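These protein sequence lines map, in sequence, to chains X and G.
When the letters of the first sequence are read in order and numbered with our numbering, they come out as residues 1 to 192.
When the letters of the second sequence are read in order and numbered with our numbering, they come out as residues 1001 to 1402.
The set of hints was computed from the structure by calculation and includes no laboratory data.
Computed from a predicted model, the values in this text were never measured in an experiment.
Note that the Cβ used here is the ideal one computed from N, Cα and C, for glycine as well.
Watch out, some of these pointers could steer you wrong.
Unchecked claim - Quick list of the computed label-pair ranges, beta carbon to beta carbon:
#1 X:E138 x G:G1070: 21 to 29 Å
#2 G:Q1373 x X:A123: 31 to 39 Å
#3 X:R2 x G:A1177: 41 to 49 Å
#4 G:P1095 x X:G36: 22 to 30 Å
#5 X:L136 x G:G1070: 47 to 55 Å
#6 G:I1112 x X:G36: 47 to 55 Å
#7 G:G1052 x X:A123: 38 to 46 Å
#8 G:A1177 x X:V67: 18 to 26 Å
#9 X:G36 x G:G1031: 28 to 36 Å
#10 G:G1154 x X:T42: 42 to 50 Å
#11 G:A1346 x X:A39: 53 to 61 Å
As a plain string of letters, each chain reads:
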Amino acid sequence: MRIAIVDESPARASVIQEGLAELDDCEIFVVSDRNGLLARITEIAPDIVLMDLGNPSRDVLEEYFAVSRVLDRPIAMFVDESDEESIAASVEAGVSAYVVDGLAANRIRPLLDLAVRRFRAFARLQSDLAEARGQLAEREAVDKAKRILMDSRGLPEPEAYGELRRTAMNQGRRIADIAEAVITAHELMGKT
Amino acid sequence: MKTEMNIGFLPLVDACLPILAQEHGFAEEEGLTLRLVKDVSWATVLDRLLYGHSDAAHLVAPLAIATTLGRGRPAQPLSVPFVLGLNGNAITMRPEIAARVSPPGRLGDPAIVGAALAEVARQRIEAGKPLRFGVVHRYSSHNYMMRYWLAACGIRPDRDVEITTVPPPFCADALAAGEVDAICVGEPWNSVAVERGAGVIVLATAQIWRRGVEKVLALREPVLEQQRGSVEALIRALRKAGAHFVDPENWNANAAILARPQYLDGDARLIRRAISDRLLMARGQDTVHFADFMFQYREAANFPWVSQAQWFYTQMVRWDGIPFDPEEAQQAARVFRPDVYRSALAGTGEPLPGASSKVEGSLSGPLAVSMQQGDMTMTNNRFFDGLVFDPADLPGYLAKLP
């Protein structure tokens, strides 16, 4: 079975590719570049195309499937119209699948389930990463604000931090927000 | 009544009414909160609608009909109780082609531009490099308006020119890279191409059909029935948003709202231009005014005339190469729901036409229309070639088309 993964995010494409690699008898092709997309699909002649819902080229691909005689086989989104649940799950996870008509449903289902799981895993990874990045940025801001207080008011480090924490508690705000305010005020005074 | 509605949209200026209905509190006045769900392809807007992520969607009108008829995917009946706007698209060509077919600095006569283009098309075929035009979707008014114009000018689509799909955000790139010679797209994407020097605006689609339907509010038919009260409230909110949208007082503020990252994420200057019916035809020139470039409100523009759905059905038959089928024609006609529009606005000051269908393209001057409620005068609604569409005789109309 030949599977094309069309995804402008190479990171996500490789997460999915890795997941599908555990299936037997599958050849996987990743297409990340939107230029020459249709030529590439023609060349790959896939049995299944997986594409993320956020890809602007979906309309291009659907048009190609609608008019193309290249593959000489009509392609429909999903193999079985009655398989509503797994379609809904894939839309939920953010992936669309186009399947060559005539491919047995029992071969599609596990593949699609796997793709959906990998899409979800990638979304989780991304939100973890965003959170970690946020935390890192906050820690940096607090450090910078501490240094400003230490320099400008001659405070030792623990007291500089204590000052930030006290202000945050008094104002019912987060330490990181107070730190941002200190940095902004410092910059406005031209003391960067 | 469901008080929260998710509405899918693509970042285009004509997604304005649901956005402004929410932003200016018109939805709230009707007891609704609208959550706008942005996507980047019509396929995804449609998937979200079909799988319940959205309750209603901003959709290219013919796609609502194609989905109901099961073209390209399993059939799912959609309903259109409100038209989000007429026209608002333009045809933008690579500068060297524009220079050969259109007068500089103004919109040309579609028949004359088409005649010049026929010559270019012929030369390009001889050179073995046929012209390629891009449209935003196979089932879009862009596709049908452009095909209508080309065919009426003696240029046979799919034989004399290739027509391909290009997503709106890539239109400027595709022109610049020479992947296509022309695009038919909504704003702000023509202006983006012009600003980059990648293209020159040659025609507004309103020149092809003065009152052509563009985007519609589409829902799954069962959802429309289940949420009838909310849908009618939404229609009233959208109508108020329309009045606000066309008032010049509000153009700056509305352009700024639409430009926000969660909506169009674009340049408020270009958006304001479209809202005020102005076009910058080519980089470095002054803008020109084209009345009714976008048409979102007057003359009950949002009323879903059954004849409009029927016109799209004839074009689908014409270009899909599928024979005319009276049963399908009926199904297509039923997608547009003037009955819902009427019951939503009965008892308000809104004009409600007495008929549900009309002969399209027959007016070259003002005509007072017979009304169920209010008064209304309709104006020029012609096709550029003067053909008239009579919904009572679809096969007869198809036979007259080139």
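Here is how each hint holds up against the structure:
1. X:E138 x G:G1070: 21 to 29 Å: Once the Cβ atoms are compared, 52 Å apart, the range 21 to 29 Å for G1070 of chain G and E138 of chain X is violated.
2. G:Q1373 x X:A123: 31 to 39 Å: violated, 50 Å
3. X:R2 x G:A1177: 41 to 49 Å: violated, 29 Å
4. G:P1095 x X:G36: 22 to 30 Å: Holds: the Cβ-Cβ distance is about 25 Å, inside 22 to 30 Å.
5. X:L136 x G:G1070: 47 to 55 Å: With Cβ atoms ~51 Å apart, the hint holds.
6. G:I1112 x X:G36: 47 to 55 Å: violated, 37 Å
7. G:G1052 x X:A123: 38 to 46 Å: Taking Cβ atoms as reference, G1052 of chain G and A123 of chain X lie about 19 Å apart, which means the hint is violated.
8. G:A1177 x X:V67: 18 to 26 Å: Check passed, 22 Å falls within 18 to 26 Å.
9. X:G36 x G:G1031: 28 to 36 Å: violated, 50 Å
10. G:G1154 x X:T42: 42 to 50 Å: violated, 32 Å
11. G:A1346 x X:A39: 53 to 61 Å: holds, 55 Å
Violated hints, listed in ascending order, are 1, 2, 3, 6, 7, 9 and 10; each of the other numbered hints is respected by the structure.
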